[in-house]
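J.: What follows is each chain in one-letter form.
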Amino acid sequence: MSEAVAIFLDGSIYAAWLFLVAVGLTLVYGVMKIVNVAHGATYTVGAYAAVSLCGAWAAGGGNEWGIYLPLVLAAPVVGLILGPILERLFLRPLRDEEETVLMLVTYALFLILEDSVKFIWGVDPYFLSEPYLLPGGIDIFDLTYPVYNFGMLIAATVVGVGLAWFLSKSKSGRIVRAVIHDREVAMAMGANVDRIYLAVFSFGCALAALGGALTAPTVSVIPSMGVEVIVLAFAVVVIGGMGSIIGALLGALLVGFVRAMAVHLLPEAELFIIYLVMATVLLVRPSGLFAPAEARKI
Amino acid sequence: MPQRMLAGLSVLVAILAAAPWWMPPWMLFIASGALAKGMAALGLMLLLRGGLVSFGHALYFGIGAYAAGLLVLSGITEFLVLAVLGTLATLVLALILGAFVSRYRGIFFGLLSMALSMVFYGLLIKLQSLGSSDGFNLGGIHLLSIPMQGTAGQVPTYLMTLVLSVLAAIGIDQFLRSRYGLLTKALRDNELRVEYLGQSVRQLVLLNYIIAAGLAGLAGVLSAVAVGHIGPEMAYWTTSGEFVFMVILGGLGHVAAAFVGAGVLSAVQAVAYAVAPNSWQFIVGASLLACIVFLPEGLWSLLKRFGRRA
Amino acid sequence: MTIALSTQGLCRSFGAVKGADNITVEFTAGTVVALIGTNGAGKTTFLNLVTGYLKPDSGSVLLGERNITGMEPRDITRLGVARSFQIPQLFDQLTVDENLEVAEIIARHASTASQTKELARVRALALERFGLVPQRDQLAKTLPGGARKLLDIAMAVVSHPSVLVLDEPTSGVSAEEKESVVETVIELARGLNAMTLFVEHDMEVVAQYADRVLAFFEGRIIADGTAAEVLDAPEVRRLIVGTALGADGHA
Amino acid sequence: MKSFSLRALAIAVSATLAAVAPATQAAESVKIGVVTFLSGPAAGPFGVPARNAAEILIEGLNAGKVPGPHATKGFGGAPIQMVLVDEFGSTTTQVSEYRNLVQRQNVDIVVGYISSGNCLAIAPVAEELKKLTVIFDCGTPRLLEENAYKYVFRTNSHSGMDSIAAALYVASTKPGTKSYAGINQNYAWGQDCWSDFEGTMKAKLPAATVTTSQMPKLFAGQYGTEISALLAAKPDVIHSSFWDGDLEALILQAAPRGLFKKSVVILTAGETAIHKLGNAIPDGTVIGARGPHSVFAPDTEINRWFQQTYRDRYNTPPNYASYHMVQAILGAKTAYEKAKAAAGGADPTQEQIIAAFEGLTYESASGKVEMRNSKGHQAIQETAYGTTKMVKGQLTVTNVKRYPADMVNPPEGVKSADWIASGFKR
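Residue numbers (the working numbering), protein chains in the order written: chain A, 751 to 1048; chain B, 7 to 316; chain C, 5 to 255; chain D, 10 to 435.
Just chain A, same shape as in the assembly (with noise of 0.2 angstroms):
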């Protein structure tokens, strides 16, 4: 029973912390067709703004509860910078190239950012505990979870809710779903694609941001963070479907309790149980679980 209740609470954290990483992802995916490699450097750069915000706060004589304020802050303050420099300088120009070229150019990107990263914050690590320590642990059956876990599990329902409820309900949002289901049928009809790019890609950056922000406490803060982290997420949008942000929350719990199960009743097939989930969903279905239907007209 009790492991029943840790399985399910493990998966459960564990697909949240995937949730943040992977939705970003599939939303640049979903608007602009860009397989976004650099996500993963974004991630990395959210964690160490976090790590320097958060540092600015203490030294400030911030409030000891108030750190969480620089913590999520990182998020915005990456999007806005890095996004737009990214997509202005390097997207806008090379948006007609195949999706596979774009891939490359965001491998690029990858590359420059992590030894970018290394020249501003140095390989030593960096650590960030306060904000996961701070709130403690509770006790479920006989096994302590720290709080900060379900915190994780707050930030990825309010970051999936609101991102449900913007791309429904606001007129923004309609726009940018007419864009994902059809790009030039929307430009026809008067959408101004450049505009969404911009605030669709920085708004990815400070989703991979939040996530590298969120996961900063928990782990030591190292310039190759990033790149273990891109491969699960991609994981995750290809199983449920690239550009879908339903797929990318499904896809998550899928990873996220499939892992929790191995870990709890088969460690030995951790290693890649990951990869195989992906290769039995794209087997059985070619574009993940919930790709969003293209047809072509002839």
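Note that these hints are calculated values from the structure, not bench results.
The structure displayed is predicted, hence computed values, not measured ones.
Not the full set, but computed from the structure, chain D residues with beta-carbon under 10 angstroms of chain A: (1) PRO54; (2) VAL57; (3) LEU256.
Cβ atoms here follow ideal geometry from the backbone N, Cα and C, with glycine treated the same way.
Mind docking chains B, C and D on chain A? Use the hints.
T.: Showing chains B, C and D alone in chain A's frame:
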């Protein structure tokens, strides 16, 4: 122009064939590696000409190397046997996996390939008897009575790699000039039309996929012989990424472009390591970006332009 | 009179929309048949079902005696059904000549040198017939609309099909070129003795070239007969011709 | 004109590469190639501290400032010149960089290699190029157990020692242990460490059972699920050979969940974390340093000098990777000077240095090192484990237990795994 290009390439091959007499040994080693990787990149270029990018091509590089490694462990050290059986092993696997993978296009083809290579990588890590992530050494490989390893083996290995690379380049060049070459080009443009002209797209993709895999497998064997050590990282996605990088760097214009890409990337890496050990990633990333922006058709187009002007 | 192509109770819906609603029809070998109807009436859906791009929900398609229902486009093509497209499907990065060469290679499987030579000769003839000789070494992506259309059709005809399916061969073609495009194509089709199905909005073209006309509405055939019969049918006048010709001022 | 341009390009490329090659060095200095991680995840915890150690030691030796038995300037009076190479990158890259060092830079000795995959691949190349190569940190027992090399020496004990001693520490400090578990990175190092630990536990505490063996991916970063599984399994003891960011993340994530309170956690490579993470490591954690290094190092003159000089320069204490580096360079120095003495004061040949190195016993900053195994090419050394305790806000290591070299290293000619399986037969 074609005559001139042929003459130029012949001179290049001659210079490379004479390399053991003008290159210092350490550079000869880099050249061996670059040629072997160029061969893998050549296969990838064939796929790319058909519009498909694999982010898991290192799977076959690794399969070739590990097939050779297993043969050496079982006491077979004749290079010809390793090369033939190593390549054969990749071809068989490519036939099986290709049957599934050839259904996919675009990013899904790339990512499914990557997932498959990562499953293989995971299996290798699990195999403690094969050294897990550390891999293992293979020594004593020879071609008939000529050693292929150690000090005496460096030149034979290099020359063998060069010969096989040239043969592969000529073979693929002929292939590209054949009807399949034209069909492959057509495939990249418009698959729907290819189907509506009565040609199975999957068959065509599968054919290219198998050829590409075979080349990567042979490259894996050659690399294993040259380095004398194999490990799971040979099948890791970053190795695949390196192959893609080489193709993009060289361009799709000519079979020699894949080798140009491999050579230049290896040289850039070697120099970057020596000059800027702390920021070589930055340099590699920036050159990739510069290449895509300024040379969308790769270094080959630069050589061609240069040659025309001269 | 042999039946070249027939369908039996063909149905296909897209959600609530019926693209093909129980279509049963037979086509005699060698005839030229025009399909008319407003946008969304089901003409292209019908062509897509016949050529394998779409799979029917129910019903069957027969090529002569042979059931080709649910077969892949390439297999249907190999059995002698060729088609052109409303939006020309060309190999944009290849030259005009190479586009045709690809079509020939696939259709004929040339391998020996003499065969290759023969193909080149045939190709030259085709280029001449379609008036594409001046553009033969141009990349397909640089062609103007009319030439794209012609090349698209030329590629379909290469295989000497027994059934030729043309989706709006004159759309995107300028008014001056229209006549000659249709002329060329129909003449060629008759020369091959191919059963030809073509979708057309220009009722003058339909009246002039079609042996038989099918009028589509909401996935059904609402009229079937000679051009004169169908174009005069009151239902057709009300639902199709009026709307199609009204704009051109011919009504 | 194509041919001309291509040839020009080929020549230009080779000229550029040749230009990078420096002129041959002055004959009397000893040129050492130092290979260690300068980038990648292993740079922070191992590579850079090792480089730092090499820098201050070589400076100190050249200036004749190193106290104790190593007071001679440089290598027997000859100044030392260091060539630094990054160990990050594929094995193929490493082999090619090694060839660079030997054939282009003409180094006299290569000291390096943290990664086991790299040291395994380099060894046969060292034999091929006939270049004295001192491995300073890599852990795999396979290096010198599977092959006999003439030119390859390793001055640190292999990973078998760490795992055996860890189990011995458990057996002596927690003899009542009924169950144990592991969390190790899923690659060769983690797998080897766990199987050696498990093997020793079976021999020393046969009644204890394994509850779970967690094997997360290397650099996974998120261990919440594994920690739950470990908590749920309720083992008395948990073994982990985690290092670097993974180790720090594990400590950060597990400590607040009480893992360190409910079980005794042994971190065999834990020493690198104590300098950085300090007070985040809970009391009662068992820490190892892969030998008698750092906090376990003896209070000798040379160790005090090293500690002080390192702290002064880098504002942090040296960790065990730093000590491994010092041990390697001092080993080469001792062998060099012994050979020089044997040659009657003439500069020794490489053959003479190798002959002197085989079976050498010498003092490093970490105490006595014996080149005893694998025909005198593999060092054996004592090791130690201790338990953390916070004293006045300062992390200290208490209850230190030392294990003599013979107790935790296999006898000559016996493979580590076989020795464990045999129940430690002598």
